[in-house]
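Please build the complex by placing chain V on the supplied structure of chain Z, with the hints as guidance.
This is what each chain is made of:
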Amino acid sequence: MRDDEARWGLIALVLSVAGLAVSIYLTVAHYAEPQLLACSESGTINCAKVTTSPQSVILGIPVAVLGLPFFVAMTGLNLPVLRRGPGWLPTARIGAATVGILFVLYLVYVELFEVEAICLWCTSVHLLTFVLFGVTLAGAQRRTTV
Amino acid sequence: MSKPNARKRQRADALRAEQARLRAARERRQRRLMIFGPIVVVVAIVAAMVGVKVLGGDPTPPPVSDPATQAATIARLTSLPAATLETAGAPGKAVLTPIKGQQPLTDQGKPKVLYVGAEFCPYCASQRWPLIVALSRFGTFTGLAESHSSSSDVFPDTSTLTFKDAAYTSTFLSFTPVETADAEGNRLQSPTPADDAVFKKFNAPPYVDKDSQGSIPFIDFGNRFLTSGASVSPELFKGLDHATVVARLTDPSSDLGRQAGAAANAITAGLCSLTGDKPAEVCTGKVVAGLKGALDAGR
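Sequences listed follow chains Z and V, in order. Sequential numbering from 1 applies to the first sequence in this note's numbering. Sequential numbering from 147 applies to the second sequence in this note's numbering.
Excised from the complex, chain Z in its bound form (with noise of 0.2 Å):
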């Protein structure tokens, strides 16, 4: 069981850093390129759109921005040296990971109906939340039948 609780302790830290490492490409996009007030490509699957549309911004912080503290704080409670740590470790684990997929759901909801189109940078950061929230609850479990 130890074992299994690192195997998933461990896929929970790649797919932080990996989160981690696309939201600084977000974070880094959304101030290097210019804010057009223009009209140029169509389509669904449009990253500018998303990425330039009002809803980008919450309370005056960029939606990429607000990626990078939470995969910073997923990294750091799946950190290896904390593995044995305290006891409510497991529990801020989920509340984080419960807080990252319900932001999910709501920014894959603007993606839908207010800016209609997809930004496939985003739907990445979604994906690895989501996997991150199971692979969380099941290393979770691991640790209670321990």
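If you are wondering where the hints come from, they were derived from the structure by calculation, not from laboratory data. Where is the CB? At the ideal position from N, CA and C, for every residue including glycine. Among the clues, some could well be false.
[Claimed, not checked] What follows is a list of derived Cβ distance ranges for each label pair: (1) V:R222 / Z:I24: 48 to 54 Å; (2) V:P250 / Z:V17: 54 to 60 Å; (3) V:K154 / Z:L127: 54 to 60 Å.
Coordinates of chain V only, in the frame set by chain Z:
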């Protein structure tokens, strides 16, 4: 130990083993439910959203006003008082980009303004308002009609007026609008080869940023100035019908009135530069004259 007692103990052991097996099975089921339950809920929510989106069909575009209301709205828009525009002042950042050292763009001896946009485009929708206000100070529009930007793009259903059937007469200027697509993105009008050449030449580096190359709305002011993109954000028009937009334009204390009015002043200054400060009553206004002075200094 007697035989009956041994049997009893065996039965009790078997019962305990069975209870332990059932308990373990129940715990396994609970564990699976704890893991897969939330995952299934998340997948179901996403699937439901995608289903609603796919099966929901296209949204219905908002209605336009009846002809009499449209006419009144357009008449009010094309005759905004000079004092209202003066109060709106100058924009916070440059609206017109100078073009240096080019052959002037003219039509029948008059400086020509070329607009290329599309009805679906929300940025074209917001840009038409100050453009119409400014051009109306130099001439007369006919054939303007209420329309909206696409219902399925950013800033959906932004209220605007289309140039599709519009004509413009002026003793000072010529205006050629091209609406390349309707609100659904279907092909509508094509620029003449000469206008297309102007669009392709000046809507590309070094005249505009690489990122906005080929984008719309694009306006060429006699090959002396250009705008690429909107001068006012469509966000300002969110949820407003045409009559309300015009009401806000007449109120320079509103965000929309101030920003769109200021953009109209900047465009007016560029047009005054093209016409040699004619008509005087338009070009000698304090704000317009100041903006034109800055434009001329920049050239």
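Falls inside 54 to 60 Å, the C-beta gap from P250 (chain V) to V17 (chain Z)?
-> 58 Å, holds
Lying within 48 to 54 Å: is that true of the beta-carbon distance R222 (chain V) to I24 (chain Z)?
-> Given range 48 to 54 Å: holds, Cβ gap about 51 Å.
Does the hinted range 54 to 60 Å hold for K154 (chain V) and L127 (chain Z) at CB?
-> 58 Å, holds
Going through the hint list in order, the structure satisfies each hint without exception.
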